[in-house]
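A.B. asks: Residue-level listing of the chains:
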Amino acid sequence: MELKQHVKAVALATALASSAAVASAQAEEPIRFGLCFDLSKSYSFVSPQVAQAAQDLAMYTNDNGGIEGHPVEIIVRDHGNEPQRGVECYEQLKREGVFNFYFLSTPVTNAVLPRAMKDGNILMQTFVGRGDAVDGEVFEWVFPVGPTYWQQAANDVAFIKEQLGGNLENAKIGFIYLDYPFGQEPIEILKAISEKEGFELDLYPVPLPGSDQSGAWSNIRRDKPDYVISWLLAGGHVVASKEMRRNRFPIDRYLSVNWMNEVDISNIGAKEAKGILRGTNVAGGQDVPIVKTMLETYYANGKGSGPESLVRDVYYNTGMAIYSTGFEAARLAIKANGWPLTPETMKAAFESIENFDANGLMAPLTVTPSDHGGGGKTRVEQWDGDTWVPMTDWSADYLDVVWEVIKESSAKFTVE
Amino acid sequence: MFKVPADRNLAVFFLLFGLGAPFIIPSLYLNSYMLPWLIWTAAALGLNLVTGWAGQLHLGYAAVMAVGAYSAIHAARFGVPWEFALIIGGLASSVIGSLFAFAALRVKGLYLALTTLAMQFVMDWVLNHSPAISGGSHASLQSPTLALLGQEITSDTGFYYVAFGWCVLVTIFMLNLKRTGLGRALVAVREKDFAAAILGVNSFYYKILAFATSSFIAGVSGALLVATFFFLAAPEQFSVNVSIQVLAMVIVGGLSSIIGSYFGVALILLVPGLVNGFVVVTSQSLGMQINVETLAHIPNAVYGALIVIILLIEPLGLGKLYGNIRDYLMVWPFDQLRK
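Residue numbers (this note's numbering), protein chains in the order written: chain A, 647 to 1062; chain B, 765 to 1103.
Quick caveat, the hints were computed from the structure, so don't treat them as lab data. Note that beta-carbon positions come from the ideal geometry of N, C-alpha and C, so glycine has one too. It is possible that part of the hints are untrue.
If the Cβ cut is set under 7 Å, some of the chain A residues that face chain B in the computed set are [to be verified]:
{"hint": "1", "residue": "Gln730"}
{"hint": "2", "residue": "Glu737"}
{"hint": "3", "residue": "Ala757"}
Model the full assembly from the supplied sequences, consistent with the hints where possible.
C.D. replies: Laid out in structure tokens, this is it:
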């Protein structure tokens, strides 16, 4: 099995490397990816893992001949989650010839979006920024590849429906969320689906940063929802787990947003967290071929781009998924239009990505000119005490409801 | 207006430099450093009016800027010409900002700081819970293209001149404030409000005036920040840490120092980015393999140390530091005569 996975990983690398010679890669002009991340403040729970994944993947790609012979250059900068510094980073890297950007912070992405749209530069915004940006007809230069929070919430409801025997009419679903835009975002979709399916939706807002949830969980104990969907972050999950125990709410009915990682699990306690659910668009764990390859090729020899502990974290897989997609787009662009790589060819390449799952790393993506999200497929995984076990296959549900909201929201956006 | 000719010469030099900046400075520095620097300086001067001159500690300044920004953008989206939209933004801020003055009548010092901080949290809550104000479930409100005097402004140079014009306007106002009865009355209120009352200075009136004026400046600055720099408003641009940052700009620059506000903003706003770039370039040129996370934290440490060192050298802030250097140079090489 291991050998098979290794072969698969090598196959992926070969696909990335294509036919180019290893030696010539370094001599060619590089393909630059700008990572203006918050590495020092609010998002530092995820950004180091993603940056490390990008650097590792670039190293691996370069060691295997680059993308169509061109080396990949990853430029990492810190913006401290300050919109002004994010703009500064964008403007600076733009002048250095970078046109693929990822900011990994909602406030900064929002601040840069009008500029990227005006300049015609690729803005990757997986898991951050506005959800309606998946509408490629309006947000031509924005690629939020992966599920939006709206789609994720819809998929969560579909999972619950399946678990409850395909009928939600008498069901009760709780939604516990951080009471600011990130947590509030799915409410609109949940309400729309609740009307459609006839289940009762109970909302439990929690003030930032999620350390005080006692009131919410007392209400949950009283309301007895069948499942609780959770839009909390980091320490919020740990507090929720304590409250669940205190209020005797079964942990296997707690379905988290994708932002729950191994650090949160170890803070809850690996055994205590057994049964907890998480919606995700990337496969967790280290059995994923590309992650395994990184561990064997680099980390076993102490040559990784950072500490190994960060590799054993699902956010590393998330970073791998994001940059596998970015690299794949660059490969398709050069293959179709040759060098030089331009924002236009990169955009066209992104839009031609079809059924790409980075060799089992994530939900298969099919990006089109109208859907920049790639289909929005997720699955639910359960923590078994040691690792994440997938409970469903990749799927995207209630697409009609979600797209109605997306279209309604994106219609209000105009580039001036 | 200027007691020392050197100050006047410096002001004239900066004015000419500011006017010629788009032709001298590369566009990156013009639109990512100069422009936000000028707008934040205007905003910091507004806060300096209420904190430096009138002596009222204000920790909710970003909230007041938010009121101006959102009001102006909503007005502009509604079709109101930008000139009026900016004034509407300023007035809306004045009204909300003056509410702080009523708190200031009852409480002082740290208690007022806490009260204003509470107002900041109220504003955060309102923005996060009113999609009608903040622009839908993503809480981002797009700003229509800025147009002044019938001229649409879309170029970097255009945005820069708008920011420059506003900053000059606020600076002239503040320079004049120093030498008018209003300025002196504010200083009297700051030093001892009941003593000022004995002198016939109505501290109630002047406190409200100080809050209203500074809020007007905040409102217009907030609106211009969005219209010329961010192009859309989001709650995070006016959150509590921004309030603390503006206060830091004023304190590091020097309370009731105009030139100090310029320096303070440069230090708080621009130095983190510059130090960051410097550290990255240095580590690259030395060929050091530093982990990205460590690399991100080094500039923060350097920046923090810089603030501490500056305040240790001159507790009255960068404005006073400038004054010391100027005084030294003015009598140079005869400075030893004073000793």
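A.B. asks: Does each hint fit the structure? Answer for all of them.
C.D. replies: Hint by hint, here is what the structure shows:
no., hint, result
1, Gln730, "holds, 5 Å"
2, Glu737, "holds, 4 Å"
3, Ala757, "holds, 5 Å"
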